Each structure stands twice: as C-alpha cells, then as structure tokens.
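A.B. asks: As a plain string of letters, each chain reads:
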Amino acid sequence: MELINQTLTLLKKEILLEWRSKYAFNGVLLYVVSTVFVCYIAFNLSAGFTGSSGYPIVWNVLFWIIMLFASVNAIAKSFVQESRGRLLYYYSIASPQAIILSKIIYNMLLMALLSTLAILVYVVFFKNVVGDPLLYFASVIIGSISFSTVFTMISAIASKAGNNGTLMAILSFPVIIPVILILVRFSKNAMDGLDRSLNYGHIGALAAINAIVIATSLLLFPYLWRD
Amino acid sequence: MKFIYQWWWKVLAVVVILYTLIAGLLINVPRLPIVHETIRNTYYHVPMWMAMFTVFTISVIYSIKYLGSSNPKHDLIAVECVNVGVFFFILGLVTGMIWAKYTWGEYWSNDPKQNSAAIAFLLYCAYLVLRNAIDEEQKRAKISAIYNIFAFPVMIVLIMVLPRMTDSLHPGNGGNPAFGKLDLDSKMRMILYPAFIAWSLFAVWIATLRYRIRLIEYKQNSLD
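Going line by line, the protein sequences match chains A and B. Counting from 1, one number per residue, gives the positions in the first sequence under this note's numbering. Counting from 1001, one number per residue, gives the positions in the second sequence under this note's numbering.
Hints are computed from structural coordinates only; laboratory data are not their basis. Among the hints, a few may not be true.
[What the hints assert, rightly or not] With a straight-line cut-off of 20 Å between C-alpha atoms, the simulated EDC-like cross-links for lysine to aspartate or glutamate are:
{"hint": "1", "chain 1": "A", "residue 1": "K127", "chain 2": "A", "residue 2": "D192"}
{"hint": "2", "chain 1": "A", "residue 1": "K160", "chain 2": "B", "residue 2": "E1137"}
{"hint": "3", "chain 1": "B", "residue 1": "K1073", "chain 2": "B", "residue 2": "E1217"}
{"hint": "4", "chain 1": "A", "residue 1": "K12", "chain 2": "A", "residue 2": "E82"}
{"hint": "5", "chain 1": "A", "residue 1": "K77", "chain 2": "A", "residue 2": "E14"}
{"hint": "6", "chain 1": "A", "residue 1": "K13", "chain 2": "A", "residue 2": "E82"}
{"hint": "7", "chain 1": "A", "residue 1": "K22", "chain 2": "A", "residue 2": "E82"}
{"hint": "8", "chain 1": "B", "residue 1": "K1139", "chain 2": "A", "residue 2": "E82"}
{"hint": "9", "chain 1": "B", "residue 1": "K1219", "chain 2": "B", "residue 2": "E1136"}
{"hint": "10", "chain 1": "B", "residue 1": "K1101", "chain 2": "B", "residue 2": "E1037"}
{"hint": "11", "chain 1": "A", "residue 1": "K160", "chain 2": "B", "residue 2": "E1136"}
{"hint": "12", "chain 1": "A", "residue 1": "K160", "chain 2": "B", "residue 2": "D1135"}
[Said to hold, decoys possible] Some chain A residues near chain B, calculated using beta-carbon distances under 10 Å:
{"hint": "13", "residue": "R84"}
{"hint": "14", "residue": "A158"}
{"hint": "15", "residue": "A161"}
{"hint": "16", "residue": "F173"}
{"hint": "17", "residue": "I214"}
{"hint": "18", "residue": "L218"}
{"hint": "19", "residue": "L220"}
[To be verified] Label pairs and their computed distance ranges (CB to CB):
{"hint": "20", "chain 1": "A", "residue 1": "F137", "chain 2": "B", "residue 2": "W1009", "range": "52 to 62 Å"}
{"hint": "21", "chain 1": "A", "residue 1": "F43", "chain 2": "B", "residue 2": "G1068", "range": "48 to 58 Å"}
{"hint": "22", "chain 1": "B", "residue 1": "N1071", "chain 2": "A", "residue 2": "L219", "range": "12 to 22 Å"}
{"hint": "23", "chain 1": "B", "residue 1": "Q1138", "chain 2": "A", "residue 2": "G48", "range": "51 to 61 Å"}
{"hint": "24", "chain 1": "B", "residue 1": "K1002", "chain 2": "A", "residue 2": "Y23", "range": "51 to 61 Å"}
Please read these numbers as outputs of a predicted model, since none were measured by experiment. Glycine included, every Cβ here is placed at the ideal spot set by N, Cα and C.
All chains should be built: construct the whole structure from the sequences, respecting the hints.
C.D. replies: Pasting the structure below:
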C-alpha cells in the first residue's frame, strides 16, 4: 500500500513537472516530426517509390526504426534531468522500487502519447497501406510500452555511468532487438490484415518480456540507486 | 576457492579434450542427409557454447554475490569469466560459420540462430564497453554487475528460446536433421558429453588463470 501511494505521488510529480515545462514532450515530438519529414523527402527523391512492391515492408520497418530512436532519446532524459541533490531527496522520502516504478509508468504514458502522435504524422506523409488499422495501433501502443520498460532501466544504468548518448544506445540496442523483431512481425501481420488470432502468440511473448524486465528492474534498481 | 588451485581437474580437462579431439575424427558417425561427415563438427562446435554458458553462468553468480558483498574479488571473477566467455563465443561462431560454408553454402545466411548469436555477442561487448566507460572502481563493479545480471536472461532468450520459435536452418530447429534424441547414437554421446564437461573445465581454467593474474595486479596496486 505504501509502495502504491509513493508511486502515485511520484508519478503525479513527474507529470506535473513535464506539464509545466513540456520540454521532453515537445523535444521528442519535434524530433519525430523532423525525422519523418527527412525520410519522406529522402525516399521520394526516387520516383515511383510509393507504388513499388517493397513499399509496405519499408513503411513498416521505417516506422519502427523512427520510433526506436525517438524512444531512446525520450527515455534517456528520464534520469539525467534529475539533479544529484534531488535524487538524494527522493531516496530519503521514498523506496527505490517506487521511484523506478513511477519512472516506468510515466515513460509508458509519455511514449504511448508520443507514438500515437507519431503514427498520425507518419500516415500523413507516407501513404497509408495498413489493412487492419485498429490492430496496427494496438501494436504501436504495445511497442511503446515495451520500449519504455526496457529503456527506463537501461537509462538508469547509463545515467550512473555518466557518459550518456553513446552508452545508452550501445547498452539498449542488443536488449531491444528481440522486442523489435517480434513487433515488426506483429505489425506486419496487422498491416497485411491477417487473422487477429495469429498475433496472440506475439502479444504473449511481449507481455512475458515486459514482465521479466519489470521484475528485474524492481530487483536490481535498489542496488543501482545507492551511491 | 581452494578448487581453483588444485590440479587434478585441469589434467582431467586436457586428457578428455585430447580424447574427444582424436576420437571425434576416428570413430564412425551416422550418415544423415545434408550434414554427412560434417556431423563431426558437433564435437567441436557445440562444446564451445557449453563452455561459454558455463563461464557466463559463473560470471552472473559472482555478479549477484558482488551486489551482496561488495568484495572486489567477486567483480574480478565476474569480468574475467565474461572475457573468457566472449572468447569462446567467437570460437563458437567461427566453428559454426566454417561448418555453415560447407553445408549451407554461405558463411552467413541470415539464419535466426546466427543472428541471435550475433546480437548476444553485441550484448556482452556492451558489457565490456560499459566497464571502460566508468573510472571509479567500486561504481564500475556495481553498475557492470547490474548490467551483467540484466543481460544474462536476455542472452538465454536470444540463444535458447527465440531460434526455436521460428524456422531455422540450424540442426535441431525447424525440422532439420538434428543431433537430438533420435539421431544421436550412443557412440556420439560417448564423445559429446565428455567434450561438454572437458571444454567447460578448460574455459574455467583459463578464467582462473586470468583471475589470478588480475588478483596479483590488484594487490600490487592497492595500498597496504
């Protein structure tokens, strides 16, 4: 009960801080929009691209790559922006599990919102070829949640190691590749409008990965936390 | 820790490895389609992965111990086990690639098992890079121990679980002739299982040597 209260309070504080500055949100949104635009211009240099046979595959993979880099950038900030003194203050008032849990939930909400906006922007620029939009949207939401759980713990590790940008990418990419593989398969099924029951296995695998990552984060973060 | 200073298991490892090297080339093997005589690579390829799993497992155990004890020796064991594990990882990949050239026609044929192994390799390279990124010794030990524990289940999923979920060219996956229960005859087991144990002991031996060198360096550098 104590844990839930602390988590909720910290979560409220995260959302409030973000609402006041809107720094992470606007920054990442601009990042996504400009990446999508650059890709749009670059791909349309060659005429007849949208009609070509490989277009749906590129459409799907490109979206996930853009989301991957956007989420690395968004979540890398989650521990760096906290000053040393403030971290020490949290440590004295809340349990480490509540802190990592509130960060994970906050990042999930942020990423779900961002990827919803990203897919909207993406569809505007790249002609929509999705067969089952509802399921594709579900895959986007599940994907953003999976990214958040994995990257939050990695960003905690990377922030402790100081040197941030490269280290975050190096540490997180091997861990996220299995998730990306499942997501690309899942969303391609949704894109081709295949039967929904085909994807239960993918959803189950992603749920299992998320459960393992959250459990290990809760176990390991208390050790990482102490300085 | 007495175990690492004893000599009997090192002799055992060397004798058994010599036995598997020679017997693996001489003893008859079952003739399976596609693989034919290259089935002998089982004796040299699979034990590399077993050795790697052994040292990585030891490494994780000592990383967990380090979080509890903060004893710098545990960190030294963990890192040297990872170093040796990465070496056996490369041997496993290379023996597999040479075999693949003769049976699949390409060194690298975008096979799920090969790809997963490559990703898992990146994971442990990331561990070593993470260690280099931190100067302060205790902080380095703690953070890398945490990453090591975090990486180990991912490595298991990558190498043991994911390739089995999809079609793979690799023997034992996707209906290919395997060295599993039905195809592996008792003669092959006589060589394969001792090879697993011997190469694992051999890897542990290399790791203990490296650990002892590091321990001497550590004692020289510390103030007393």
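A.B. asks: Hints first: check each against the structure and report whether it holds.
C.D. replies: Okay, the hints, checked on the actual structure:
1. Proximity of A/K127 to A/D192 is assessed by CA-CA distance (about 15 Å); at most 20 Å being required, the pair is judged to hold.
2. Taken as a hint, the A/K160 and B/E1137 pair is honoured in the structure, with Cα atoms around 13 Å apart against an allowance of 20 Å.
3. The straight-line distance between the Cα atoms of B/K1073 and B/E1217 is roughly 12 Å, inside the 20 Å bound, and the hint therefore holds.
4. Distance hint between A/K12 and A/E82 is fulfilled; the C-alpha atoms sit about 16 Å from each other, no more than 20 Å.
5. Note on A/K77 and A/E14: the hinted pairing holds, with a Cα-Cα distance of about 12 Å set against a maximum of 20 Å.
6. In summary, the hint linking A/K13 to A/E82 is supported, as the alpha carbons are separated by about 12 Å, within the 20 Å threshold.
7. For the proposed pair A/K22 and A/E82, the alpha carbon gap of about 15 Å is at most 20 Å, so the pair holds.
8. At most 20 Å may separate the alpha-carbon atoms for a hinted pair to count; B/K1139 and A/E82 meet this at roughly 19 Å.
9. With a CA separation close to 17 Å, the supplied pair B/K1219 and B/E1136 stays within the 20 Å bound.
10. Between B/K1101 and B/E1037 the CA atoms are separated by roughly 14 Å; this keeps the pair inside 20 Å, and the hint holds.
11. For the given pair, A/K160 sits about 11 Å from B/E1136 by alpha-carbon distance, which is consistent with the 20 Å threshold.
12. Annotation: proposed proximity of A/K160 to B/D1135 holds, straight-line Cα distance about 12 Å (limit 20 Å).
13. Taking 10 Å as the C-beta cut-off, the interface hint given for A/R84 is violated, the closest approach to chain B being about 14 Å.
14. Using the Cβ-Cβ criterion of 10 Å, the hint placing A/A158 at the interface with chain B is satisfied: the shortest such distance is roughly 8 Å.
15. Satisfaction of the interface hint for A/A161 is found here, the shortest Cβ-Cβ separation to chain B being roughly 5 Å, below the 10 Å cut-off.
16. Below 10 Å, beta-carbon pairs count as interface contacts, and A/F173 has one with chain B at about 7 Å; its hint therefore holds.
17. A least Cβ separation of about 12 Å between A/I214 and chain B goes past the 10 Å threshold, and the interface hint is therefore violated.
18. A hinted interface residue such as A/L218 counts as satisfied when its beta carbon comes closer than 10 Å to some beta carbon of chain B; here the least separation is about 12 Å, so the hint is violated.
19. With its C-beta approaching chain B no nearer than about 5 Å, A/L220 sits inside the 10 Å limit, and its interface hint holds.
20. In this structure, A/F137 and B/W1009 meet the distance hint of 52 to 62 Å, their C-beta atoms being roughly 58 Å apart.
21. The supplied range of 48 to 58 Å is met by A/F43 and B/G1068, whose beta-carbon atoms lie about 53 Å from each other.
22. At about 20 Å, the beta-carbon gap between B/N1071 and A/L219 stays in the expected band of 12 to 22 Å.
23. At roughly 60 Å, the beta-carbon separation of B/Q1138 and A/G48 lies within the given 51 to 61 Å, and the hint holds.
24. Checked against the hint of 51 to 61 Å, the pair B/K1002 and A/Y23 passes, with Cβ atoms roughly 57 Å apart.
In summary, the numbered hints that this structure violates are 13, 17, 18.
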